[in-house]
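Student: The hints should help you fit chains B, C, D, E and F onto chain A, whose structure is shown.
Chains as they are written, first to last, in the working numbering: chain A, 1 to 247; chain B, 1001 to 1247; chain C, 2001 to 2247; chain D, 3001 to 3247; chain E, 4001 to 4247; chain F, 5001 to 5247.
For the record, the hints were derived by calculation from the structure and aren't laboratory data. Small disclaimer: the values here were computed from a predicted structure and weren't measured. Ideal Cβ placement from N, Cα and C applies to all residues, glycine included. Worth double-checking, as some hints may not be accurate.
Going by beta-carbon spacing under 10 Å, a handful of chain C positions derived as facing chain B [claimed, not checked]:
1) M2001
2) E2069
3) P2075
4) A2122
5) P2136
6) F2137
7) S2148
8) M2150
9) N2193
10) L2194
11) A2199
12) R2211
13) S2214
14) A2215
15) R2217
16) E2234
There are 6 protein chains.
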Amino acid sequence: MDLSDATWTDVRDCEAELAVVPVGSTEQHGPHAPLGTDVVTAEAVADAGCERVDREVVRAPAIPVGVAEEHRQFPGTMWVSPDTFRSYVRESVESLFYHGFERVVLVNGHGGNVDALREVGARLTRDGDEGTYAVPFTWFEAVGDHSSDMGHGGPLETALLREVAPELVREDRVDEASADAADGWGEWVSYANLAYDSAEFSDNGVVGDPREGSAERGEELLELAAAALARLLEAIAERDVSRPERR
Amino acid sequence: MDLSDATWTDVRDCEAELAVVPVGSTEQHGPHAPLGTDVVTAEAVADAGCERVDREVVRAPAIPVGVAEEHRQFPGTMWVSPDTFRSYVRESVESLFYHGFERVVLVNGHGGNVDALREVGARLTRDGDEGTYAVPFTWFEAVGDHSSDMGHGGPLETALLREVAPELVREDRVDEASADAADGWGEWVSYANLAYDSAEFSDNGVVGDPREGSAERGEELLELAAAALARLLEAIAERDVSRPERR
Amino acid sequence: MDLSDATWTDVRDCEAELAVVPVGSTEQHGPHAPLGTDVVTAEAVADAGCERVDREVVRAPAIPVGVAEEHRQFPGTMWVSPDTFRSYVRESVESLFYHGFERVVLVNGHGGNVDALREVGARLTRDGDEGTYAVPFTWFEAVGDHSSDMGHGGPLETALLREVAPELVREDRVDEASADAADGWGEWVSYANLAYDSAEFSDNGVVGDPREGSAERGEELLELAAAALARLLEAIAERDVSRPERR
Amino acid sequence: MDLSDATWTDVRDCEAELAVVPVGSTEQHGPHAPLGTDVVTAEAVADAGCERVDREVVRAPAIPVGVAEEHRQFPGTMWVSPDTFRSYVRESVESLFYHGFERVVLVNGHGGNVDALREVGARLTRDGDEGTYAVPFTWFEAVGDHSSDMGHGGPLETALLREVAPELVREDRVDEASADAADGWGEWVSYANLAYDSAEFSDNGVVGDPREGSAERGEELLELAAAALARLLEAIAERDVSRPERR
Amino acid sequence: MDLSDATWTDVRDCEAELAVVPVGSTEQHGPHAPLGTDVVTAEAVADAGCERVDREVVRAPAIPVGVAEEHRQFPGTMWVSPDTFRSYVRESVESLFYHGFERVVLVNGHGGNVDALREVGARLTRDGDEGTYAVPFTWFEAVGDHSSDMGHGGPLETALLREVAPELVREDRVDEASADAADGWGEWVSYANLAYDSAEFSDNGVVGDPREGSAERGEELLELAAAALARLLEAIAERDVSRPERR
Amino acid sequence: MDLSDATWTDVRDCEAELAVVPVGSTEQHGPHAPLGTDVVTAEAVADAGCERVDREVVRAPAIPVGVAEEHRQFPGTMWVSPDTFRSYVRESVESLFYHGFERVVLVNGHGGNVDALREVGARLTRDGDEGTYAVPFTWFEAVGDHSSDMGHGGPLETALLREVAPELVREDRVDEASADAADGWGEWVSYANLAYDSAEFSDNGVVGDPREGSAERGEELLELAAAALARLLEAIAERDVSRPERR
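Same shape as in the complex, but just chain A:
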């Protein structure tokens, strides 16, 4: 059930205990992919995952601005501080808990949100009433071997966009995007990433080769991510979420 389209009486009459909240970001994705990429992809995976579950799942509206200061040198990138992001996500989910949607998956499309969402999930789970539970799911970590190809505006995101919103990919700029892309994320010395901003290691904001992200690959990614999300939803629907005992 799409919460935005439903009425309160529809919500009252549904039996769902599960909810998903797409969490995105509005940030640069190179010269060929839109600033809204992480919203589009998070929504697509959330919807596809919910379809594959044989239970009612409430689907909240996507959170559009995330932890993306790392891309601020690129025009149009929006961001909030991690503190504000955590509060906004946490309180939004608490309002879902209030109505009995007590098992929530945060379907995330942006790497910069990962740490913050883990912290939010822990707090929602530990501090909520006994029975509440929230966990983040980042789609590009859940696509098997493909995951190692994740970059930024690179093969995976470009592929998924070509599958779910091809009109948003500037095909005529893909070669240029590829030519100036960085090979990997960050500047690493002794297993520490010395860079905090993508502008430190990528001229055009792209990491990885977007030419390796065909629509066919996008279809496969969507299938893999949706199946993974569906398994996760089943797992948390069945999960004993009571808090562990003290030793």
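Tutor: Chains B, C, D, E and F alone, transformed into the frame defined by chain A:
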């Protein structure tokens, strides 16, 4: 320019100084209108207003969850605290300021956001670099005599939905919505509203008669609101936003 | 019972459940009216209102500094941030709740406090123990048709001062105050107020004509405001303040 | 110059760089002395001190609610958290700094405020523009040998009240107040005070014998405190408040 | 039991209800004494005190950075804000409460921490579950007549260092430290300390004469402080920590 | 230079621009390893790394309590909230920046601190004066192939303890520790870790087999980690830390 669909290079190449940020809420709007009403209407007005301006205007993604605890007794209503809402809006706008979009209108679709947005606008304007400016615009306050008919899920919102998203109005529940609606917002004694929650004075969450909100009226509302927003955008584009001198 | 003058044993022995907290501001009121206007008027109305109620009401000391950054260009204006103001008022009222004064009216004398007090009242009412309740009352909104003449240091405030503290009105500067006054509050385009500071639209800080504020009018205003406050106190004394049920 | 009674034009025309802010508390002072004792005494000392200085000094309105949770078991006691108190005082003083009153004495009447005011003074001094300075002054620490007799509602406060507001002392309850008073403040073991609340060591909230607080003693206390405050004001008017150099 | 050296199974098997948390600071102590002085001394006193108690006491690791901005002009001084310090200490102690160590002494070695620790102790005691209790103990306030000789890097601290960590005292710089030392802490006018930073009144950061701090005196100080702490631990072990009743 | 042992004059006279701050945790490490494991190991690596660098490096005291709520079911575990931890670390480092130690490595020994330290490093680097820089380094991520054996109280930590503090390992409990240990960290479904607390997947708090952590392996780990840290220190000493340009 729709920020979500644009690439960072598109944004770099545009000349805009103006931006609009639609601000909505996901909250009950009676048995006949969707929880996403305030997002849909804020976006529609924002887009229609920008179209009527002969300047480039950047259009940010809509903020979907607002100050709506007042509707929490109705299933599906989402909300964050005023503090978190203020921070989320403020920091989102500051990221627009960062890129040179220094004159911003917060196009609002929800009454519960009004006070918070005024506070945010003041802080953004006073605390920002000399030259930055932000002001809220609430569409249903800007539709002339119609404004006095505003309720909740009532004539104005139902009319505008019928114009911009008719598929979201449950026409078969409008009579019921009307029958149980409250006549006015709040419980007033000595010019003070004693009620804090809509459930204190409305059984089904509706205030005002949605039957009085035809699609024709919606068309007129959209025209009025869009024209008003366009005038506002022109005004702030030309405005001297330097801070006033001390006496 | 004036809390400041009472001893704790007096308070222990009284039966009051009602309390009023005058809330003012120390801010410019033109060349003819004192910075303390909003404290003086809030206290006068609070006291006159309590007198007209046939119940014991505890009267707390006035809060002297409010949300008045909008007047900062005028020397002597004091202010705190809205966040700090909300915390200070809220915690002060919580300490009254602690002693059983669980129904509280915030008697306000300053327009800039209105939004913040509504937010505080909601939080006190929703978050407190079942049975607690707080609501703001702004005297110049509760004087019938006079209310439309409210400005700043204008007819209403000058009138009330002449009634309750005539020695504080500089009669020899009233003509000058009037001559340089603004006609209305703010700079409006498309129903949005573009101005955040009074110095943007008033040279001397006055809005409205103080010459139209005679002592006789002040007497009437005090009577109207006091009667309104008394009705409000009676209403909340009888009010069922249990929280509404979920739908 | 009393800021509350002055107009902004009066303030504009004065030459003051010094300001005093009386800081009180509304809290139990035994069965014989009013809850407002700390406000009354702080104001009296502030006014008397300013009179003795041959410079213009701005006198702000008194802050009426302080850090007094320690008396919460006694009806009528009001308090805010130390965090909120610090913010309220700090921002109030910052608004005075804004107008050029850059050397400020916080004239304090309540022991529970002492630590918080020291912290506020440090922050105002260190964080403000070069040239700003604020320091707390607690009157009963500045009355020579008398200071060792300070208690709570005891000899010093009762004496000063009898001098400046005798009508507020319930003379017919002084014997009773004395009989049940504690000898000293706190419960001490190994130089640590084990008690956090006055109710832990005083049955009626009084510490020290109020019978030892005659009006004559009050007159002397006022003279001593006022003279001390005047010396302090002179000292900070002449003080080099530039920040110390790094070593 | 030293918590850092113990395993969780050791902790599970112990019967302690008492805990001590050494609280220090890393800050200048003159040219002859180390920046870690307040950690070393707090730990030494904590350990010596625990040894003298015939009960199991858990000893937490020392908190190394405190409220020491007052020494910031001297290289190497570390500090956090009072707010952060209070949160860090409070939450650390709450985690001890969680495991049943509900009576806690904060063994403090730094004057700048005193006010903040008192506030933390109050909050921990008032806000915790019925049965929890925390109180600060500052060693140099608990050494009888010696206490009046406390300065900074002066007789008491130098003496205690010579007793517990003589290798850290630069004996060849003690004469120099003494020569440039201030006689007393602060700059006092009318019983108010006008100075906020030690650099305002001490050239080399020392207050008091370190030559008067022999190892023999250090031995006596340690004995006195440890005995005082032991008495305090006994007292709070036996203390009725239920909250006082309302009047 | 060990900051705790140095005097301020020593610090003044040194030429260092580099600093390291060991960051640990006081938390369960199974029945065989001490609660202080993460402090001991972070300090050992920090010291060994500094020794291998041919530059002066300031070594701050270790931060002893971190983000460890995940182990709270095991007695003795201490923790603070992520917010408080971030503030404490950030402000501590800012005080080092103040003295010119503008390139800082946070040498971390606890997995639960990783996300928070990355956030702190970003904020310190972005918000500080041009020229400041801070980056976290977690030793067990920097030991080559060994890193994949990290657990909790498992092979790596046990090995390093046996090398640097063998007296703290309870050899007689290692078999028991091993027998009840979990194989891996967390409960994974669809690449999401469903568990928030170690008690959800480990009976005795151990993950991985401590028997595989010989002293010899510990020696190698220390060598690897120290060498990695030394390389990192060299790299940031030479690094251009100016902020990247806008696109």
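Student: Need the list of violated hint numbers for this structure, in ascending order.
Tutor: Numbers 1, 7, 8, 12, 13, 14, 15 - these are the hints that the structure violates, sorted from lowest upward.
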